[in-house]
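4 protein chains.
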Amino acid sequence: MNSLNVGLIGTGYIGKSHALGFRNARALFPHVPDLKLACVCDLDSALAESLRADFDFYRATTDWRDIISDKSIDLVSIATPNALHREMAVAAIDAGKHVYCEKPMGVSLDEAHMMAQKAEQSSVSTLLAYNYLRSPAFAHVQKLVRSGKIGRLYFFRGVCEEEYMADPAAPFSWRCSRNMAGTGALGDLGAHLLCLMISIMGSPKELVAELSTVIPSRRTGGSAETSHEVENDDVAHAMLKFDDGATASFTTSRVSWGRKNKLAFDIYGEKGSIHFDQERMNEILLFEKDAEEENNGYRTILTGAFHPPYGRFIPSAGHQIGFNDLKTIEIAMFAESIAEQKPLFPTFGDGIIIEKCIAAMVASAARRSWEPI
Amino acid sequence: MNSLNVGLIGTGYIGKSHALGFRNARALFPHVPDLKLACVCDLDSALAESLRADFDFYRATTDWRDIISDKSIDLVSIATPNALHREMAVAAIDAGKHVYCEKPMGVSLDEAHMMAQKAEQSSVSTLLAYNYLRSPAFAHVQKLVRSGKIGRLYFFRGVCEEEYMADPAAPFSWRCSRNMAGTGALGDLGAHLLCLMISIMGSPKELVAELSTVIPSRRTGGSAETSHEVENDDVAHAMLKFDDGATASFTTSRVSWGRKNKLAFDIYGEKGSIHFDQERMNEILLFEKDAEEENNGYRTILTGAFHPPYGRFIPSAGHQIGFNDLKTIEIAMFAESIAEQKPLFPTFGDGIIIEKCIAAMVASAARRSWEPI
Amino acid sequence: MNSLNVGLIGTGYIGKSHALGFRNARALFPHVPDLKLACVCDLDSALAESLRADFDFYRATTDWRDIISDKSIDLVSIATPNALHREMAVAAIDAGKHVYCEKPMGVSLDEAHMMAQKAEQSSVSTLLAYNYLRSPAFAHVQKLVRSGKIGRLYFFRGVCEEEYMADPAAPFSWRCSRNMAGTGALGDLGAHLLCLMISIMGSPKELVAELSTVIPSRRTGGSAETSHEVENDDVAHAMLKFDDGATASFTTSRVSWGRKNKLAFDIYGEKGSIHFDQERMNEILLFEKDAEEENNGYRTILTGAFHPPYGRFIPSAGHQIGFNDLKTIEIAMFAESIAEQKPLFPTFGDGIIIEKCIAAMVASAARRSWEPI
Amino acid sequence: MNSLNVGLIGTGYIGKSHALGFRNARALFPHVPDLKLACVCDLDSALAESLRADFDFYRATTDWRDIISDKSIDLVSIATPNALHREMAVAAIDAGKHVYCEKPMGVSLDEAHMMAQKAEQSSVSTLLAYNYLRSPAFAHVQKLVRSGKIGRLYFFRGVCEEEYMADPAAPFSWRCSRNMAGTGALGDLGAHLLCLMISIMGSPKELVAELSTVIPSRRTGGSAETSHEVENDDVAHAMLKFDDGATASFTTSRVSWGRKNKLAFDIYGEKGSIHFDQERMNEILLFEKDAEEENNGYRTILTGAFHPPYGRFIPSAGHQIGFNDLKTIEIAMFAESIAEQKPLFPTFGDGIIIEKCIAAMVASAARRSWEPI
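Protein chains in written order, with our numbering: chain A, 10 to 382; chain B, 10 to 382; chain C, 10 to 382; chain D, 10 to 382.
Keep in mind that the hints were calculated from the coordinates and are not lab data.
Any given hint might turn out to be false.
All copies of an identical chain are treated as equivalent in the list; a pair is satisfied when it fits inside any one copy or across any two copies.
In silico DSBU-like pairs for lysine-lysine, Cα to Cα no more than 35 Å straight-line [claimed, not checked]:
(1) LYS365 to LYS250
(2) LYS280 to LYS112
(3) LYS127 to LYS365
(4) LYS158 to LYS80
(5) LYS351 to LYS298
(6) LYS214 to LYS280
(7) LYS112 to LYS298
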């Protein structure tokens, strides 16, 4: 397989980031199939045409079913609001196309199961867009843990916090609607933290959670003094247990003033610990118990060529890669996995565990109980 | 009241820190009663005599009841293992002496209630030694919150972590025994975090917790290959709810490699947020939502004369005070509260709320349920 | 002008970064001319062909004069060792092509003057590749200074340090040769710091410098035990004066263990100060004298949409851009400047001031004297 | 020798810090002579009496010659403005008393020489109060360097900056007067940096410097609109050379907004580097070149019991000591050196090298030349 024709649905900022990744993946990762920008779709024809022109897509459309029915298209990229994921993904799989879909999977666990089932019954490749998995820093954290550098794991403590809804004056948006978004901070931000946590700790076996909506209603925009109830979580806390006795603490919030992309965690083990913070995505802090106690301390490791695939972008450590580079890595890895017919974590099937955790958190908060996963 | 005669029980590191505080309080806080080092006690006569000589105590003893029966002594300072607090404190109150007692109150909620009841029935002053409350930085955090600087509070997220038991090879100690210490990390470290949290957020109304002992047994020292079951928590996570809808996430651990005194928290509110970390005890991070969005960001405030009582120690900001200075502040404040007959938070009565939270955490972990406070 | 055909000379890491920038500039900055990858050149035909294939250049060549003589090419990009800059740039200008050239200009001030003179006599656009100028963070620093946010400037203190030659076992390379590289750390790293400093402070009027070669000879590689004298500076310090009485301190080094890209500076003024460090290129530290002294402190500003052109890459603050994005910005700005026929700082003419400073530093160190610029 | 009677001249903040150190030295360092607070002096009798009462000095006086003539006093502590150091120190030595004197030595190199000569001709012990030398963190830096941990030294880069005169509205004070203070930032702040630098690098052999007064005149206080010329440096930069080819860059400033106690340096060597910043006085950053390149990075070492004499104050790392603790260490070390009749660096004789550097900086700036030391 030398090339894949790509159809992209959605032209918001994450859609643009997809387009950039498709554009650059093969230049930086020459061993992967070429990705041809075949068609871009947006309900708004001006937006569709604009992204088409900027990124040299072959054509634009306002009807996503156009992409599904276009036999030349091999891969569909879904960068739309959560409520649309399921229908589009299922249609794409039915049409025999590979699917790259933004997280979370849908607005409910049922939707996620439908998507996973459909994917399993087909021969196409699927990937959920958990781009923070792809950072050279996080890949190194995984390597450190798997190689036993910090020994048996004691516990994980993580947060994913942003400030985009911290202002009580921020208007109601689709993200506040249960129908449109499903959960709030949980699905939008917490899903990223869950994905990283599970990649390190394995699947949790049970959890207890607490959800709160700290701003119960928000203005609906415009000049009128109307407001709408916020239907999902602004903040969620959870505690989790794993099979081997390790535990985790989890917080996600969209109302954390000052936090722009605080996807940060600590992992503690028998022989050391690791700290990571996406707001300083090119740094890893590693503490190792070692003999020289007077010089013990966290090392601030700046990512570089020793942390693949950083070197694909620039050979010099400390020069830094950025957010869009993570998308490029993700897309290159997906293209490679399609070519090699080897699934890449997290497929739609893999993603179920994340969705189950989210659903269990919602249930736990409602029932005030520990919930099995 | 111009002076108070002090009897100190315990000569370990915290006892020494008490001695230093008693020695310096009035020099730095000239308005408080003079504190005379009357008697120091340790079961080990050499240790007692050594601290006596170093700090010019009037006399030393190996029998703590000597201090209780010494009519000249006005104030008893208790710096012994947790299991001894109750008996000593009760005896001192019965003898009409003011009591300054290390946290936690005892090894059970029952013990704490006995102490509080006894204190309430008497006219003496009592204070629990939660010295981190006294830092100029924390005092400023309280002032910021109370003045409404960050508005209505959304949530609190805090940790208190050290590494002193992180090594599986660290031997069994009295801190691992339920009889001697009560809880593990919870009482030793978590109590500090609870105290700070309650000072900011008020009393929680309910909580759910999870306790784990990640190193189930430890060697009992010596050359023999004997070991003892660890009887209390290495790690505790909890989630808490407050009356006004605010929530909290809480983690404490004595097995966190790399953490020396990680008593750190974030507070998020309607108009801003605050971060504090005792490992950088002379710094406060403050984020304020303000008009100039392009220059938004956390301010790193270095404590100085604007943050009383820092100026008592040195007028220049950024020159820093240390741990022992916190004890000096605490002791000066207690001496002042005795002189003015105004209770200082947390008295034995106030301390009950902290002990209730700890007991509720233990119960919650056992019952796997939310527990009211 | 709708498009420009680009010829790139050099396929090393910086050449690849150029290629990526040319590839992406117009997708992210749709108002600039389209940049067509016409031809790539490397002496090594395999390298040339490889970059051609990866980035879809129209053709590859091993003879850079091929690019000069290709009438379809509008813009020549020079990413070769310093000793080749002059000849290539002059030939390109003579052929009527716009020139984008890596810094420093050449291996001597004479070479720089030749290049500037040639550029001035022509009507083509020229730009020196000082990409750190282009970061949204640095652009914001410039805006803060120019808007008077920190008032009249007192002094500037800056460093540009890396570790690539810190190991005495690192072999001799072209960068250690006076003929091939001119100066050492000065031209390779210090030039970047000079460019940023001059952008903020204006042109210095005089300076005094000190150069040292801390590893006087290095092995010449291979298994043989041969070595070669290092002919230029490992470390350079300088002090500079400006017309308005402000001063600067300057250090550059290629032997600073632990420093990967430590291009960092402090600017102090009447009303505040600014700190920036390229190793955390998405952060700016700003201190403002203001009324509320108890909350004074450096603000850590995370770059975002308020700091153009960050928003071209991603709208969310704290998500971060990377090194290659700086090249994309630079190339887009150059393309725009060509289209609008407005010079972009630093043209070859502008670059002379940087080269003069470097030459004055070399002279000052030799003569042990202050040198005028 | 079991005890020393102390006379303290000066009750400003540094005098108070002396008093606290004298009060606590022996409690924390039981092997040193007891230090008895015999007499405190201030021109202002209320201030003298106040410090006497607070710290239990035996008596107070307004005439410093009272202390000199008091035969019972063994040690004189000088904490007065610079212009008074020489006369007081010489008189004390003449009276056979040990002298502990604040830095800098006086207002000129001549004064320093007089003091050193007088000390050399006597049998008393002298010590200059460079308290930052005494921090456990700095002691560890010295140990690391001396043990060869970072190998042969390449260069040193240091700053000592505060903001106390940054505001153009800050009034003229004795520190701005050449007669009263000698130099400005140089003697007040730069002397500290010189002392640390020399302790690490040895004596410099030559230097070149640049001094600037960025606020040429300041109001003289009161309501009247009068002002006075500032007679010494607000900012000083220097470059230094050492015998072994190593170099240093040096900046000191009293006009650096945001800097409270920025006494910070980097030391680079063949095998690693060290960063230290007094604003985080309980932390040391160490970079070591080592085999595991993927985990290379600066370690943040939190001081603890492994860094003597930290353990005298508290055994637990990360709990932190403060500024006044440095004075206590210094005084304990001086008391020990008196008892053991072993000189402690920097004696008055040792201090000459610092004063020579300052004088050479002033001369270099005036002559615009390199000056030998």
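### Query
Can you tell me if LYS127 and LYS365 fall within 35 Å by alpha carbon in one copy, between copies, both or neither?
within (17 Å within a copy, 51 Å between copies)
### Message
Regarding LYS112 and LYS298, is the shortest C-alpha distance of 35 Å or less found within a copy, between copies, in both, or in neither?
### Response
So LYS112 and LYS298 pass the 35 Å test across copies only (29 Å; inside, 37 Å).
#### Entry: Up to 35 Å CA-CA - LYS80 versus LYS158, copy category
For LYS158 and LYS80, the Cα distance exceeds 35 Å both inside one copy (49 Å) and across copies (58 Å).
### Query
Which holds for LYS365 with LYS250 at a C-alpha limit of 35 Å: within a copy, between copies, both or neither?
both (14 Å within a copy, 25 Å between copies)
### Query
Quick one: LYS351 to LYS298, C-alpha cut-off 35 Å, is that within a copy, between copies, both, or neither?
Result: close neither inside a copy nor across copies, 38 Å intra and 39 Å inter.
### Task
Measure nothing new, just compare the shortest in-copy and cross-copy C-alpha distances for LYS280 and LYS112 to 35 Å and report within, between, both or neither.
The answer is both: 34 Å in one copy and 30 Å across copies each meet 35 Å.
### LYS214 and LYS280: within-copy, between-copy, both or neither at 35 Å Cα
within (24 Å within a copy, 38 Å between copies)
Against the hints set out earlier in the document, violations occur for numbers 4, 5.
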